[in-house]
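Student: Chains as they are written, first to last, in this note's numbering: chain U, 1 to 475; chain F, 1001 to 1387.
These are calculated hints, taken from the structure and not from any lab test. All C-beta atoms in this analysis are idealised placements derived from N, C-alpha and C, irrespective of residue type, glycine included. Do not take every clue at face value.
Claimed, not checked - With a Cα cut of at most 27 Å, we get these calculated BS3-like pairs of lysine-lysine:
1) U:229 - U:183
2) U:296 - U:258
3) F:1073 - U:183
4) U:405 - F:1198
5) F:1226 - U:405
Unchecked claim - Covered stretches of chain F, going by a simulated chain U footprint (3 or more residues, C-beta under 8 Å):
6) 1260-1273
7) 1276-1284
Letter by letter, the chains look like this.
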Amino acid sequence: MSQLNGVIATSRFGYGAIENELLLANKSPKSWLIKQLSQQPAVTFDEKLPHSNDVFAQLFEYRKLKRAQKKAQTKDMSLAEDKKIKNPARKFLIQFSADTLMQAIQSNHSLNWRLLDFFSNHFSVTAAGPVMAGIAPTLEREAIAPNLLGNFEDILLSVTQHPAMLIYLNNEKSFGPHSRLGKRGLGLNENLAREILELHTLGVNSGYQQSDVIALAKGITGWSVARPKRNEGQGFVYRVNGHEPGSFTLLGKSYSAKNQQQGINMLKDLANHPKTARHLCYKLAHHFISDTPSEKLLAQLTRRWMATKGNIKEVMITLINSDEAWQAQKQKFKSPREFFISSLRALNINDATPYLSGKKNNSVKNDRMHKKTHRKPTSRKLINTLTELGQRPFNAGSPAGYSDKQEDWDGSSALMAKIDWIANLASKMNSNAETILNNTLGDTASELTYNMVLRAESREKALTLLLMSPELVRR
Amino acid sequence: MKRRDFIKSLAASLVLFQPTSFASELLSSNNKIPQNSLSTDKKIIWVVLRGAMDSLHTVVPTFDKNLPLLRPKLFSSIKDNLLMLDNRYGLHPSLQSMHQWYKNKELMPIVAVSSGYKKRSHFDGQDFLESGLKAINFDSGWLGRAVDIKAKSALALANSMPISLRSSKLAKTWYPSRLKDADDDIYNSLLKMYQNDKVLQQRLTEGVSVQEMAGSMGNSTKRKGKFIELSKACAKLMSGKNGVDCAMLELGGWDTHNNQASRLKRQLSELDHGLTALKTGLHDQWQNTVVIVATEFGRTAKENGTGGTDHGTASAMFLAGGAIKGGKVLGNWPGLKNQQLFEQRDLMPTTNTFSWLASLLAQHWSFNDEQLSVVFPQVKKQKIILV
């Protein structure tokens, strides 16, 4: 039996096959995928890593210590050389980002991790500045993952009320001009509202007006984040004093509910709007299938979305069952992130780990350190490599996220970076290229690729050629 | 195999399939006859500021009585330290070098310009600015069309091809990397493996040739993608016999919805330092160079509730370089009274960004009207001497 559909299932929908996965997927590709969507919970993270509330608490603690140190230093110059207090945010950013990568690399239901990445990028937040660095990576863990296979309105609401999004798009200090806080000189900021309409829901050029942006901005005034020093509790907080009073008209409908409910009603309607359905279905098809999904497929997906209140699992099943999903021709270049994860899945992370650690040649000082660095790649190394490949996690720099168009990833310098990384990694590894070829491409490798890999003059070169083959650079 | 030999063989092997314009360019560059230097040495550097730069905080119209009313906090944060250009406009205090250039007649700010895009979405606005057409075409950029017409070589300092240069086969990308280069032998084998994959084949050829150009720079630029580092690398890649004619740089971070005073102070100084590095790195070539700095749109005339500004319409652009007949501020000032604002909110555009780019192409790269109509089909060029 040809392994084509197994390869499509594992690489178009997942992050490429890990050992033995291709055979499993190939038996019944559609149900192999659909079964992943029943996984409960859809994805799991390292439980030892902190919640955003703890991140805030530690940031607060850090600032307090820093202030105290400064004070002590100005009193007594001799203390200037005192130990440096480090901002914990960067450390969290690296740990969180590396955890997501490691989970995706090792997962046997990588479709769900692809979906998480899709929505994390759809609701892109950038880790700029000391607060966002620690908070940005918690958005996908706390607001997206728990709702990943549920209804879109739940994702939208959790994301919009998560501190990472509120701070990133400046809503935490956006207050109605006629609210009590507004009368004290604090004002409206329309940034989050605009991006909700343009990026998160309806999509650009979907016909909304500047007045709709303002209406939504007013509807979510007062949606803010607790400040630790004020003893306001933790996380999302609704500041009634900052909410613009009155009813507002969004897309021709008047919203008169009071307080927080006003914004919630607006967001729910936006989440279930036909234009949102169309926008998100297009993005999903574009992400998973090809840059030019057919009108027929889009109509099918959008219908399913509208019929199921934007149920992500149901829409994905429709996508998986469509003919277009199984076209033989590879449709997209892997993004650097996809390439990075799928290469490490193909190589088997346990084999690749010693060479990712970056500490291989350092003399090991004691046992404790030895245990720590021997098998686990340093998180920093993972992130640095992905940065070199052009897609540092939580660093898109714009709320639109990283591009999902293949022409944005097929530049020559991006290709050179991939080659350089793979060649360096391959030069240190002993893996058997033929086994990896069978595990990832099965019988679908072209004759040219197959021959070049098997006849390569060295193990190292064989591995580089395989991982850089057109079949593994595209999906 | 020496890298130069490798590229020759690589280019030669490409001819077997289909001589891409890139390969034929490589072949011809190996036995290049010195061309008449006047016309070919004229360089253009296109700098896109992503995120919508606030022009009212950058080229500040101090004469407009409404400015302090609309922006009490923002204006007062800079008003005492402005670098005055004439008795009307002052540059932001961070733009020290650019101010000096203005005095040397090497800088020309143009106020109240817009690409014609009026919907306030960053991403559409940028695509529109880069595309230069009546409607966005993701596969064709104005600079790409321009370099094709004049057969100029072009380079984007980016990981992938930005829309501005996307249609051109003469354009390449380069971005610094800390990874050690793989062996030429690997590139050679990969090229063979990519023989049925035109895109991968072309990207690899481009990548190797640009790597060779960059290789002579040593390790200093193989560092982070900071604007100043990219600018330095850009200057080097444009210098010398095989330097490219045209380059594109990008600088993000202009979306100042909050804390604008401190954020723009940082941003503008990063811009100023980067442009200075370009000038330093280009040495004598600076005399033949025009740097164009533009952004997708401007920001609201009024400051918002969080010490920032929201998405607007008209902004400013800069022309700089030794080739520029600068020392004056161009563009008509629309005024900041409520009824003078676009939708009673944004600075009103008075000229089209593309009309300035068109006249620049006409004057600097000798474009005739027919050629210009391919690059910017929808605009007429300005009749002002720029270079």
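Student: With reference to the structure, classify each hint as holding or not holding.
Tutor: We went through each hint and held it up to the structure:
At most 27 Å may separate the alpha-carbon atoms for a hinted pair to count; residue 229 of chain U and residue 183 of chain U meet this at roughly 24 Å. Taken as a hint, the residue 296 of chain U and residue 258 of chain U pair is broken in the structure, with Cα atoms around 41 Å apart against an allowance of 27 Å. A hinted pair counts as satisfied when its Cα atoms are at most 27 Å apart, and residue 1073 of chain F with residue 183 of chain U qualifies at roughly 17 Å. Distance restraint check for residue 405 of chain U and residue 1198 of chain F: the Cα-Cα separation of roughly 18 Å lies within the 27 Å cut-off, and the hinted pair is therefore satisfied.
Distance hint between residue 1226 of chain F and residue 405 of chain U is fulfilled; the C-alpha atoms sit about 24 Å from each other, no more than 27 Å. Requiring three or more residues with a Cβ within less than 8 Å of a Cβ of chain U, the coverage given for the stretch 1260-1273 of chain F is violated, as only 0 such residues are present. Counting residues of the stretch 1276-1284 of chain F whose C-beta lies closer than 8 Å to any C-beta of chain U gives 0; at least three are required, and the coverage claim is violated.
Figure legend: structure checked against the earlier numbered hints; hints not met, in rising order: 2, 6, 7.
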